[in-house]
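K.L.:
For reference, the chains in residue letters:
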Amino acid sequence: MADKLELLDLLLEDARESTDTIARQLGCDESEVESMIAELEGDGAILGYQPVVDWSRVETDHVAAEVELNLELDRETKYADVAGRITKFDEVTALRLVSGDYDFDVTVEGDSMRDVSMFVSEQIAPIPEVTQTVTHFVMNTYKNRGLEFIDSDDDDRLSISP
Amino acid sequence: MKLSERARNTPPSGIRRFFELAEEMDDVISLGVGEPDFSAPWKARAAAIHSLERGRTSYTTNRGMLELREAIADHVPRYGLDYDPESEILVTTGASEAVDLALRALVDPGDAVAVQSPAYISYGPGVRFSGGDPLPVSTRAENDFVMTADDLERAGAADAEVLMICYPNNPTGATASADDLAEIAAFAREHDLTVLADEIYAGLTYEGEHTSIATLPGMRERTVVINGFSKAYAMTGLRLGYALGPSEAVDAMNRIHQYTMLSAPTTAQYAALEALEACQDDVEEMRTQYDRRRRFVISRFQDMGLDCFKATGAFYAFPEAPYDDEQFAEDLLQSEGVAVVPGRVFGEEGHGHLRVSYATGMSDLKAAMNRIERFVAECERGRAET
Ligand SMILES: Cc1ncc(COP(=O)(O)O)c(C=O)c1O
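Chains Z and U, in that order, are what the protein sequence lines are. Everything in the first sequence is counted per this note's numbering, starting at 1 for the first residue and increasing by one. Everything in the second sequence is counted per this note's numbering, starting at 1001 for the first residue and increasing by one.
Hints listed in this document are in silico derivations from the structure and should not be mistaken for laboratory results. Treat the hints loosely; a few may be bogus.
Unchecked claim - Taking lysine to any residue and the SDA-like style, the derived pairs with C-alpha atoms no more than 25 Å apart in a straight line are:
#1 U:K1366 <-> Z:K78
#2 U:K1366 <-> Z:E32
#3 U:K1366 <-> Z:D20
#4 Z:K143 <-> U:D1364
#5 U:K1366 <-> Z:V52
#6 U:K1366 <-> Z:L8
Computed from a predicted model, the values in this text were never measured in an experiment.
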């Protein structure tokens, strides 16, 4: 029986890999791979599959910002309640509760810096529990999801060697 | 200029011709590469850079930095090996230098040296450079290329002084279990052979643990073990290896090394030290990747109907060629742009096989296997029609 963690590891490397090739790599049957994937999806362990995009190579305007949020909660309101409201916005592509100087780490994406600032000031800042926002625009991405955005490590080996 | 007989009698390696053919063509996917596709782990590279920044550019002691020898001594117990860093370990310029030194330290002119075949192409010439006569010991496909007492007997290895073995093996990917090695060890003890064990691929073993022949009873005192950083640590270009053996053997090797090399490259020694101390996770990650590719490649060959024994080490598969290995490799290169190495390059018993390296990323590997499959199917159709 192939291992779910190994399967996840392979999918994390290339989620578009065919189940046939995955099965060969794991040394199991294709049907086994398919049922493990179905199980992982059914359990909600795998939520989806998305490409890693280097937006600087796509002809479009794309801006991302990391936004720090501080919250003040009362007895009736929990982090999850506020998170539930923030995640509803399409502009928010990631939201995490973090330790340290602030509470929420929010990734906001949009077409322009103006769009993103407007969104933060008009939609996020007014939420009653939010006491402070600090917006950091992403200037450049060098690595994301384990993939390097800068060309490196070209294969310069001799084509045949002993 | 008058060249020595030794130089004139050394033929160009059989790999050279294929290299030239492949270099002439565009869009070749090469499965003919005998080195990792990964770069050295970043921490090891960073340590090398740091050592340069601190100006560590002098020679080290002949035997290699003591700190590195100590790290090697701490590393090899994973294979059941135990060597004194002061007197039983020599750091060399690649495993290549260690092989050369060992042969020069152990072989007298005219001595027969039994050499596993098929195996790494440098052994035969290395034996000749030391004045010895190479005596090929053919291992057989039906035994999964594991050397048997019968193979040794048939080759006349009983009369040899030294026996060179290499497991995990280049080019076959074969490994040898403790039981397999016990048979070789018994033969070596019976006929008083010194064993030179090239274990450079020890870290790339996929089913079960690597066993060193030096750990078998009565073998430590007659064995020189060679290992290095080229394969498991993806550090080929840094040129660093080492030899482990009884102090008299290591002393003798060092006596030659101190005149011909002084010391192994200092920058590489710093990288190697970091590799041993901080890069085991990287090694494990690379090993996992190779293992997946290994299963992929072998299962694809089996589906094509090519006999492909289940290689369990290094990063090579060694399937049977549908027809003459050299012709097939050339045809495959010309018509599909996939480079593999004909098995005969590695010795008599390699005839009829292909060395297929899976030290190549999955996307190239998939494309290459599709091309090979298409070509093999075409060959079969051609044969059916005639
Ligand atoms: C079996 C074997 N031994 C030794 C070597 C040489 O290793 P190094 O780079 O450490 O000199 C190789 C390289 O291909 C090899 O395959």
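K.L.:
Checked against the structure, which of the hints given earlier come out wrong?
P.N.:
1
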